[in-house]
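Please construct the entire structure, taking both the sequences and the accompanying hints into account.
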Amino acid sequence: MYLAGLSVVQGVVQQVVSGLATGGVYASLALALVLIYRSMEALNFAQGEMAMFSTFIAWALITVVHLNYYLAFAITIAISLVGGVVIERVVIRPVEKAPPLTVVLVTLGLFFVVNGTAGLIWGYVIKPFPPAPGFSQTAVSAGGVSLGVQDLFLIAVTVLLLIVLYLFFQYTKIGLGMRSAALYPETSRLLGVRTSWMLALGWGLAAAVGAVSGILIAPIEFLDPNLMQPVLLYAFAAAVLGGIENPVGAVAGGFIVGILLALTGTYVPGARDLRLAFGLVIIVAVLIVRPGGLLGRAHVVRV
Amino acid sequence: MALLELTDVQAAYGSVRALHGVSLTVPEGAVVALLGANGAGKTTTLRAISGTVRKTGGNVLFDGRVINTRSPEDVARMGIAHVPEGRGTLAQLTVWENLRMGAYVRRDGPAVKEDFERVVGYFPWIGRRRDQVAVTLSGGEQQMLAIARALMLRPRVMLLDEPSLGLAPLVVQDIYRIIETINREQGTTILLVEQNARTALHAAQHAYVIEVGRIAVEGPSDDLARNEAVRRSYLGY
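Just so you know, the sequences run in chain order A and B.
If you count the first sequence from 1, position 57 lands on 69 in the working numbering, and the numbers rise without skipping.
If you count the second sequence from 1, position 187 lands on 632 in the working numbering, and the numbers rise without skipping.
Because the hints were derived from the structure by calculation, they are not lab data.
Just so we're clear, the structure is a prediction, and the values are computed from it rather than from any experiment.
Hints are supplied without guarantee of correctness; some may be wrong.
Said to hold, decoys possible - Pairs of lysine-lysine residues, derived as DSS-like cross-links and limited to a Cα-Cα distance of at most 27 angstroms, are as follows:
hint	chain 1	residue 1	chain 2	residue 2
1	B	K500	A	K109
2	B	K558	A	K185
3	A	K109	A	K185
Below is the structure:
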């Protein structure tokens, strides 16, 4: 009886850790969504596809160019940053001042363009993506719970990402300028801030952050042009759960969604097949019960 | 020498014309007041200078150069600090971050540091409350912060839009004392928009009265203040 109880606890802890790992992937993409939402109040439906495209670039650098995994990781981040800026300048800038719904529709168009382009270049046959070298594929055992070393890598990268972004926005001049431009565009322009470029930079950062999520999930899921579609849904759920304007909330939301999916997948019969629906359930539930999310504040609009 | 000059400036919000031809001159180092009733076009005149409203005619000259088509961010980078109506407080940022944003376009780090110290000299409370979020400040403090933030640009001209609006008389006195000090010590040229004519005339050397998008009267502040007809028909005191 005692033993059985302990193994249940161990099982739950194990699921929580593996949920945290995949949750990190949702968290990163949710973070990317939040970065853009904060500056234009629009959800970027193409965020997942942009991340998928970045992941293909990383894949090409590693398997075709034979670069070192971490070097390829860094180069991919840089390319994604530039790519995000270019996408904003070319596709989003014409609708920058349009209502958010227009922007959302444009991102929806972007979704199909990026997806199709990736298919055109790399095809639809799934490809294995290498895991991070230096972190063994085995598990370490702690207190009777076995933890995947790769899982710990995923969690660490996500937390590191959040810390880097926090330091950037809090302590650099350009980070401060981006916050100011997003919150107070008119006053910021009077202070000399080129707000339109700040927006482009926001897209660049979002693309870079999204790339991290793609590179992290690819070894688990295999790489193909539809890699990020379920991830995007969970990232939406994570962002809504955490508060769509709150980066810390988005990361917390990502981890929570990851844990919930892992636990229900293990202990609720049939839940694994209904995973995607579960993401939607979270979104709807949050919007009904607490529209501002866990860490956000509800917007009161006088009509 | 005129640092800032408007000649026959017209401006419109969409199809609604707000300025029908405003001409005014702000000499270097002066404090000039632009007075008038609500809706006369005072704020629009400042916005025409900073590029935040569409100009439909006339010229804005800064230091002899036409700046009609410049974007607001370029106008700021040229050294024109616009403290907008409602103070433009960056409400969710801290007091210190507001000041850092004021110096956003500057590249001269050591001089920026000196200016931080100078600004804290003008407003000692800022030094003590630098980590406070700006939204929690009182109206008077927010106005002072807006002026302090504008100073961080080390501007040649400061455009102040109703610095006395909604403030208690004693606070207004404080703020005007600082405006005059800044003008005297930094040599900053100031164009001041006010409904509170008496206070503004006291601070300014020269004043314009705007009425329905046109300049109705202008002259040295003392003359306007002494002229009973002007006072009664335009200034309301």
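Going down the list of hints, with the structure as the test:
1. K500/B <-> K109/A: 20 angstroms, holds
2. K558/B <-> K185/A: With Cα atoms ~14 angstroms apart, K558/B and K185/A stay inside 27 angstroms; holds.
3. K109/A <-> K185/A: It holds: about 25 angstroms lies between the C-alpha atoms, which stays within 27 angstroms.
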